[in-house]
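Since the structure of chain S is provided, determine the placement of chain E on it from the hints.
In case you want the letters, here they are:
2 protein chains.
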Amino acid sequence: MENWLENKIDTEPVVISSRIRLARNIKNIPFPNKLDEEQGKDLVKKVEDAFYISPEIEDKYKTIYLWQNEHTRNNTYLEEHLISQKLINNSKQAAFILNKNETVSIMINEEDHLRLQSITGGFNLEETLEYANKIDDLLEERLEYAFDEKLGYLTACPTNLGTALRASVMVHLPALTANKEIVGLLNALTQVGMTIRGLYGEGSSGEGNIYQISNQVTLGLREEEILRNLTGVVNQVIDREKLARERIFAKNKYVVEDKIYRSLGVLKSAVILSSKEALNLLSNVRLGVELGIINDINMRILNKLLVEIQPATLQKIFESKLSEKERDLNRAKLVKEKLETVRL
Amino acid sequence: MENWLENKIDTEPVVISSRIRLARNIKNIPFPNKLDEEQGKDLVKKVEDAFYISPEIEDKYKTIYLWQNEHTRNNTYLEEHLISQKLINNSKQAAFILNKNETVSIMINEEDHLRLQSITGGFNLEETLEYANKIDDLLEERLEYAFDEKLGYLTACPTNLGTALRASVMVHLPALTANKEIVGLLNALTQVGMTIRGLYGEGSSGEGNIYQISNQVTLGLREEEILRNLTGVVNQVIDREKLARERIFAKNKYVVEDKIYRSLGVLKSAVILSSKEALNLLSNVRLGVELGIINDINMRILNKLLVEIQPATLQKIFESKLSEKERDLNRAKLVKEKLETVRL
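Protein chains in written order, with this note's numbering: chain S, 1 to 344; chain E, 1 to 344.
So here's chain S without its partners, still in its complex pose (with noise of 0.2 Å):
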């Protein structure tokens, strides 16, 4: 499975990412918010236990503790959609489990036992669930897991109740939002079982036009029908983008050109810049890209952008603690040097 910041453009232009999260719990321990520090550090011993059984997954797979970073360090893999804010909200007795690649993340006393986490770039949700259950399988035979017949996957929150699997795709959607046809979708979504949010999830506005289209329903549902369900409603809504796009290209094709040749100047030329202003301006770099009116400009580069230009991960690019100011700074240097052998 390939990484989602390393991905180049595929068939499907619309979809930067897939993601998959399994919600589990461990029989007979409270959940984590029951949980004082020691107890919660002896979970994560016993989850290592379960895990690391060969050489070959030891090579492969790390544990990183958040109690033993700083809150910045922990803030970058936030970034780079590795954790949650509320792993990182239980610092003190959380860690989670990396594979190399940076493609799995079992997070462990998150508001449950564990979050196993599969993501990858491109609308790819099969694969991504096929991952995430082998880890699950791998964990199972040394775990057991808190399931009820009836209810499924037992976890703190009865919204993840059943499969307690969350499907995620992270869609780009900026004649939608240009048209403001998103608010409408926002509703339509909710109505049946799904939701849409920002790009740093729940609260996260669309910043950058990029939003994470996923279901709210877990329960009565088998985990195919979640992500058959899921499927349909992001292909209904590449549709709708895809025809936006078209229209409003048709419409202005030089006001669109002009817009997104601009946002590429301004970002070879800017010397402050802020995340929100850059998230922006890359959004109409990519939608260049994904029009096929920017021809030298590798996906993975903007892709990449977009966690970079980001608070923790710019100052452990930049390794210094970064005042706001400063960071608006440096990170229009960053952006100007990643985009320099780009043509305007």
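Quick caveat, the hints were computed from the structure, so don't treat them as lab data. Treat the hints with caution; some may be incorrect.
A pair counts as met if it fits within one copy or between any two copies, since identical chains are not told apart.
[Stated by the list, open to error] Pairs of lysine-lysine, DSS-like flavour, derived with a Cα cap of 27 Å:
(1) Lys253 / Lys316
(2) Lys321 / Lys251
(3) Lys259 / Lys276
(4) Lys34 / Lys46
(5) Lys336 / Lys259
(6) Lys46 / Lys27
(7) Lys45 / Lys62
(8) Lys27 / Lys134
(9) Lys62 / Lys134
Okay, now just chain E, sitting in the frame of chain S:
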């Protein structure tokens, strides 16, 4: 004398060009507004006979008859600051004599019979006046000017009586415009008998932060006094502009650099570009050159672009009639091409 468009940055970064205009009328011939087409053309002939008196002059100068040209072609001369709007309004019987270097233009049948103009790059009023006086002397050898001992040169409009000299300096005042000092300056200049106008004279506002400062009073002062007064005023304006630049730069170094480089970025990337926006972006880039922030643009390119982006000149360059939308597209192409080698 060097053409102002060709002028490279010299010792004085704020000043773009210097211009002298002398108004003259020929004795016993009514002012142009009283001449019919035939009489007007007779006057053109009379001036030509008096002017083209040697093979050297015939080689160096030529007459352009506005009535032979399309309106757009005549407008290109206006955009180059070689003739005035009033000359164009009189197209049916107006002409002008132009030297090869395009530093001298003798307008015939403007508001007065003759308007001798010389224009050069940088802050250079003395040399410019000298050149105008030379032409004036030459014409006076064979034409009898309308002159009164008390009122000086007689002109169609009484505000030009006396020396009938207007000296004018084109300046770039982005800092005084940004901090709004320009408003007070306008009032102060009026009180000392000076006037400040936009890039294209009366009625044009200070687009692109470019202004023309000139003497308002022509009667009761000698030519040298007019020049000395104007030079004094312009030197004060230069000092205030420089001080304002220093203050802005000291306070917001990165903000200034950001604005300058973004402007260059947009000029190098836009697909649609209005002349108003282009003028303002070019002003920011000019400031960057004047402040030594941008080092690889020849000021000549920026001067020429001031004219080349104007509607008529643009159509001349692209050799076709262009609608406003087409001009905006072609203007963007032209600017991109001219700035192609400049690094961001």
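Right, here's what the structure says about each hint:
In this assembly of identical chains, the alpha carbons of Lys253 and Lys316 lie at most 27 Å apart only when taken from different copies (26 Å versus 40 Å within one copy). In the homo-oligomer, the alpha carbons of Lys321 and Lys251 lie at most 27 Å apart only across protomers (24 Å), although the nearest pairing inside one protomer, at 47 Å, exceeds that limit. Taking the shortest Cα distances, Lys259 and Lys276 sit within 27 Å of each other both inside one copy (17 Å) and across copies (18 Å). Only within a single protomer do Lys34 and Lys46 lie at most 27 Å apart by alpha-carbon distance; the minimum there is 17 Å, versus 106 Å between protomers.
For the identical chains of this complex, Lys336 and Lys259 are neighbours both inside a copy (18 Å) and across copies (15 Å), given an alpha-carbon limit of 27 Å. With identical chains, the CA atoms of Lys46 and Lys27 are at most 27 Å apart within one copy only, with a shortest distance of 13 Å there and 111 Å across copies. In this assembly of identical chains, Lys45 and Lys62 lie within 27 Å of each other by CA distance solely inside one copy; the values are 13 Å within and 95 Å between copies. In this assembly of identical chains, Lys27 and Lys134 lie within 27 Å of each other by CA distance solely inside one copy; the values are 20 Å within and 105 Å between copies.
For a Cα distance limit of 27 Å, the shortest separation of Lys62 from Lys134 inside one copy, 17 Å, qualifies, whereas the shortest one across copies, 88 Å, does not.
When held up to the earlier numbered hints, the structure conflicts with none and fits them all.
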